[in-house]
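Engineer: As given, the protein sequences belong to chains A and B, one line each in that order. Numbering of the first sequence is given in the numbering used here, commencing with residue 2 and proceeding in unit increments. Numbering of the second sequence is given in the numbering used here, commencing with residue 73 and proceeding in unit increments.
Incorrect hints may appear among the rest.
On the chain A side, residues computed to face chain B include the following (Cβ under 7 Å) [unchecked claim]:
(1) Val-12
(2) Leu-49
(3) Arg-94
(4) Ile-96
(5) Gly-106
(6) Lys-107
(7) Gly-108
These are calculated hints, taken from the structure and not from any lab test. Glycine included, C-beta positions come from ideal geometry on N, C-alpha and C.
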Amino acid sequence: GNSVTQMEGPVTLSEEAFLTINCTYTATGYPSLFWYVQYPGEGLQLLLKATKADDKGSNKGFEATYRKETTSFHLEKGSVQVSDSAVYFCALRTINQAGTALIFGKGTTLSVSS
Amino acid sequence: SQTIHQWPATLVQPVGSPLSLECTVEGTSNPNLYWYRQAAGRGLQLLFYSVGIGQISSEVPQNLSASRPQDRQFILSSKKLLLSDSGFYLCAWSVRYQETQYFGPGTRLLVL
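Isolated chain B (complex conformation) (with noise of 0.2 Å):
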């Protein structure tokens, strides 16, 4: 069966310091990935989706960053975090051109 594992589950970070996220999926193969963020008070936002290694779309200028090295890791990445990116960071994965997304657990980030 296919699992997705999202790390770490809560993160304090100072304002200015970089942010590094991983989720990676386990056994599946080529599955598309998507980076969700749900901000205090607002709903899910799609942040960015990848339809295989090295292939990254973005939904939304920020300053995040995303990352797949391989193909069952995706990584969010920040040089520097504002007090903005504080909120709940959703990993997501679905087969290939197939509706159902299946959620990671989270990464809760508070930025100070």
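Looking at chain A on its own, in the form it has when it is part of the complex (with noise of 0.2 Å):
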């Protein structure tokens, strides 16, 4: 069956630090590939998506690139800050009766400090 596995944290850094967030999926089929994001106390909100392989979404200068021959879609940030401190979560969008519903991973909590 499908299913969405993602690094267990937490991940402490530095502000300035290089983030990888790495995440691997099982499905049938070309998926298209999400990072959510949830900010303490908050819901979650699309931080980015890529809908086939070699695709690159980007967002807040997050980026994540679909690689289906490792079958990954690891999220990276160059710099992250201390308003980056969230839980995040990488899903993958499948098919049932209402045409779409996502998997997501169980989330990685990442604590930035200044």
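Using the hints, put the two chains back together into the complex; each one sits in its own frame.
Structural biologist: Quick look at the structure:
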């Protein structure tokens, strides 16, 4: 079945450090892939997405490339800020009666200190 | 623009009590609607989704139920809460057959 696996947290970094959060997936076909972010006390927000192999999603300095050969969608940022502290979820889109449903990873908590 | 509302924001309920969480969407018509649960130390789990009024699909067996009495209203209910029902409940919507889902602010439920 479809599933998403992302690295266990928490990830603790200093401001301006480089960030990588690993995400791999198992799916039939070629699903769209997403990164959602959850800031403290808030709901989820779409951070970026990629719909086909080799696509690169980007937003707010974050990037992720859809790698079909390694079934991965790792999230990266060159220089993190304290305001990036949040929980990050990798997700893939699967098809059901509704036409779209998301399968999420367990989330990775990022804590950035100044 | 579209907005999604959930209430209450926080809820503390005793075991065995009933539950009703409400989600409404504004600024769109005929959305797909979803209920997710985020339990402590676990990821997000899809509980229910709906493609239209009165149409509910359940992803996992549990003591929760969902209803959609109006096009942009989605309600999560339980007749008797369990301790294991504690968690963060998120409502989401999407345009029919489009990929991106938009999430509400969530309801934090603590069952004691």
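Engineer: Any hints this thing doesn't respect? Which numbers, in order?
Structural biologist: 1, 2, 4
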